[in-house]
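Undergrad: Chain by chain, the residues run as shown.
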Amino acid sequence: MTTGAEKGEIAEVGSPVVIEGDPVAHRHPLRWASVTIGTAALLLALTNAQAIAGWFDELTPSATTERLREPVEGWSALTAAVGLDAPRTWLRGRWKAAQAARFGKEKPGEQGADDAP
Amino acid sequence: MQFPTLGFGLFFLLVYGVAWALKRSNEWRKIALLMASWFFYGAWDGRFVLLLFLSASGNWAIGQAIATRNSERSRKALVALGVALNLGVLAYFKYAGFFFEQLAVLLHRLDFARDVPLMQVFLPVGVSFFTFQAVSYLVDVHKRRVQAASLLDLSLLMSFFPHLVAGPIVRASDLLPQFRQTPRLDRGAVSAALLLILWGMFKKTVIASEVATSLVDPAFYDPLHRSSLDLLFGAYGYAVQIYCDFSAYSDMAIGLAALLGYHFPRNFDQPYRARSLQDFWRRWHISLSSWLRDYLYISLGGNRKGRVRTYLNLFVTMVLGGLWHGANWTFIIWGALHGSWLAIERMLVRMFKQRGWWTPPAWLGTLITFHVVVLGWIFFRAPGLHEAIAYLSALVAGNWQNTLVTPLSLALVLFGLAIHAAPPRGLQTLATHVRRWPAPAVGAAAALLLLIIDAMRPEGIAPFIYYQF
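Protein chains in written order, with the working numbering: chain A, 1 to 117; chain B, 1 to 469.
If you are wondering where the hints come from, they were derived from the structure by calculation, not from laboratory data.
Where is the CB? At the ideal position from N, CA and C, for every residue including glycine.
Among the hints, erroneous ones may be present.
As the list claims (entries may be wrong) - Which residues of chain B face chain A? A partial, calculated answer using Cβ under 8 Å:
id: 1; residue: Gly7
id: 2; residue: Gly188
id: 3; residue: Leu194
id: 4; residue: Leu259
id: 5; residue: His263
id: 6; residue: Leu427
id: 7; residue: Pro440
What the hints assert, rightly or not - Derived DEER-like restraints, expressed as beta-carbon distance ranges:
id: 8; chain 1: A; residue 1: Ala77; chain 2: B; residue 2: Leu6; range: 15 to 23 Å
id: 9; chain 1: B; residue 1: Ala80; chain 2: A; residue 2: Lys107; range: 51 to 59 Å
id: 10; chain 1: A; residue 1: Glu20; chain 2: B; residue 2: Met351; range: 40 to 48 Å
id: 11; chain 1: A; residue 1: Thr89; chain 2: B; residue 2: Ala61; range: 51 to 59 Å
id: 12; chain 1: B; residue 1: Leu54; chain 2: A; residue 2: Val72; range: 35 to 43 Å
id: 13; chain 1: A; residue 1: Ala11; chain 2: B; residue 2: Phe122; range: 35 to 43 Å
Start from the sequences, fold in the hints, and give me the full structure.
TA: See the structure below:
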C-alpha cells in the first residue's frame with residue numbers, strides 16, 4: 001500500500017490551501033472572507049459594469065431578463081458617464097495595442113500565411 | 001457554466017452564502033451543496049445528472065455490500081463487479097464510437113464494410129473523473145482504507161462541483177473525513193484560495209486563451225503552410241497553453257472548494273522544472289498519476305516482479321493513461337511515448353549508477369525532459385495521427401522564417417515557462433502575508449486584479465481543454 005492510498009493524497013503531496021498556523025488565521029475568518037468577497041464584488045460592479053451588461057446580453061431572452069434589462073443597461077451607462085469605466089477602457093486599449101504589435105510581417109490568422117514557406 | 005465567467009461567479013456567490021448560512025446543520029449543508037452541484041452539472045445537459053445519480057447510487061450500494069460481507073471471496077467478487085461496471089460505463093461513453101469506427105475500417109479492408117452501425121455516443125462532461133473516483137472508492141473500501149460512505153456523502157464526493165468536470169481526482173480518503181464534520185474557515189486558507197482563483201483566472205483567460213488563438217491554433221490548423229520556427233514555437237506554445245489551461249482549472253477548483261471549507265490536494269507543482277520524466281509525473285496532474293500508480297501500476301505488479309516486468313508495467317500504465325484521455329491513436333502514442341521514455345530513463349539511470357559513469361547536470365535533465373514532453377504534446381494536440389506526422393515533418397523541414405510569432409505571443413510563452421523557475425510555494429508564502437491585511441484592502445486588491453484580467457481577456461472564453469476528457 002502507498003501513502004497516498006492509505007491516508008489520502010493531502011498526506012502525500014499537501015494542499016496549497018493549508019497554510020501554517022497563526023493567531024490571526026482564526027479571527028472571525030468567515031466574516032473576513034465575506035467582507036473581502038463583498039468588497040471585491042461591489043468594486044467590480046462599479047468599475048466593470050460593461051462586463052455585466054455584456055454578459056446580460058448573452059443570456060437567453062426571457063420575461064425576467066427583459067424586466068432586468070433596463071436597470072442593467074442604466075447602471076452601465078451611469079458608471080460610464082461618471083468615468084468609472086475609464087481604467088478598464090484604458091487597460092483594454094493597451095492590451096489591444098500589444099496584440100497588434102508585430103516583429104515583421106507575421107500573420108497569426110487561422111489560415112496559413114499566404115507567403116508562407 | 002464555466003469557472004471564469006460572470007454567470008458562474010453569481011452562482012458561486014449564491015452557493016457560498018447558502019452553504020455558510022447552513023453551517024449549523026452539516027447534513028443540510030451537504031444537501032444544499034449536492035443540489036448546487038447537480039444544478040451546475042445539469043447546465044450542460046440534464047441527462048448527465050441522472051447518469052451521475054445512478055453511478056453514485058450504484059457505487060454506494062456496492063460499497064455497502066463490500067463493507068458488510070465477511071467472506072473475502074464475496075468482497076473480491078463485489079469489488080470486481082463494481083470496477084467492471086464503472087469501467088463499462090466509461091468504455092461505453094468514451095470508446096464505443098472509436099471501437100465501431102476501427103471495426104468498420106477492418107471490415108472494409110476485408111470487404112465486409114456495409115453493416116457496421118455508426119455510433120454517435122454523446123460524451124458526458126467529466127465522466128472520466130467521477131468514474132475513476134468511484135473505482136478508487138470501491139477499491140479503498142475493499143482494502144479497508146476508508147469506511148463505506150453514506151449515500152449523501154458518496155453522491156457529494158462524486159458530484160462536488162469544484163472538481164466535477166476536470167478534477168482533481170479527489171480520493172475518498174481525502175474528502176469523506178472532511179464531509180463528516182462541519183468545515184471551518186481560516187484566513188490563511190481563504191487568502192490562498194483567493195490567490196489561487198485569481199492566478200487561475202489569469203493563466204486561463206489571459207495566457208492560455210491568447211497563446212491558443214494567436215499561436216497554437218494557427219500552427220496546428222495548417223502546419224504545412226508554416227515554417228519550422230512557427231511550428232517550434234507552436235509546440236512550445238501548446239506546452240504553455242495546456243499547462244496554463246489545466247493547472248488554472250485545478251487552481252480554481254482548489255480555491256473554490258477552500259472557500260466552502262474543503263481542502264483538495266495539490267494537482268500541479270511546476271511540472272516543466274522536472275529533471276526526469278518520472279519527476280514530471282510527480283508534478284503534472286498529480287491526482288491522475290498517483291491514481292494510475294496506486295490502482296493500476298501497483299496492481300500490475302509495480303517494480304516487484306523484476307526489471308523487464310517493471311518496464312512493461314510502466315509502458316502499459318502510461319498507454320492506458322493515454323487511452324483514459326480519449327479514444328484516439330494520438331493519445332495512445334502519447335501514452336506509449338511517455339511509457340517508453342520512463343522505461344528508458346530507468347534503464348539509463350541504473351546503467352549510469354552501476355558503471356559509475358558521469359552524472360548529467362540537472363539543467364540537462366530538465367531540458368531533455370521538457371523536449372520529450374513537448375514531443376508528446378504534439379501528438380496530444382493534433383486532431384489525428386496524420387496531422388501529427390505532418391506537423392513533425394514540417395517542423396524538421398528547416399525553414400526559419402517567422403510567419404506567426406508575435407511579440408505578445410512570444411512574451412506569454414516565455415512568461416509561461418518562466419513561472420516554472422519561480423520559488424516553489426510562492427503563492428502560499430504570499431497568502432501568509434495577505435491573511436494579515438484588513439478585509440476591505442484584500443477585497444480592493446482582488447477587484448483591481450480581476451479588472452486587469454478582465455481587460456485582457458478575449459470576448460469569449462474557450463472551454464477548458466480537460467472538459468473533453
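Undergrad: Please go over all the hints and tell whether each is borne out by the structure.
TA: To see whether the hints hold, each was checked on the structure:
no.: 1; hint: Gly7; verdict: holds (7 Å)
no.: 2; hint: Gly188; verdict: holds (3 Å)
no.: 3; hint: Leu194; verdict: holds (7 Å)
no.: 4; hint: Leu259; verdict: holds (7 Å)
no.: 5; hint: His263; verdict: holds (4 Å)
no.: 6; hint: Leu427; verdict: holds (7 Å)
no.: 7; hint: Pro440; verdict: holds (5 Å)
no.: 8; hint: Ala77/A x Leu6/B: 15 to 23 Å; verdict: holds (18 Å)
no.: 9; hint: Ala80/B x Lys107/A: 51 to 59 Å; verdict: holds (57 Å)
no.: 10; hint: Glu20/A x Met351/B: 40 to 48 Å; verdict: holds (42 Å)
no.: 11; hint: Thr89/A x Ala61/B: 51 to 59 Å; verdict: holds (57 Å)
no.: 12; hint: Leu54/B x Val72/A: 35 to 43 Å; verdict: holds (40 Å)
no.: 13; hint: Ala11/A x Phe122/B: 35 to 43 Å; verdict: holds (38 Å)
Checked against the numbered hints given earlier, the structure satisfies every one of them.
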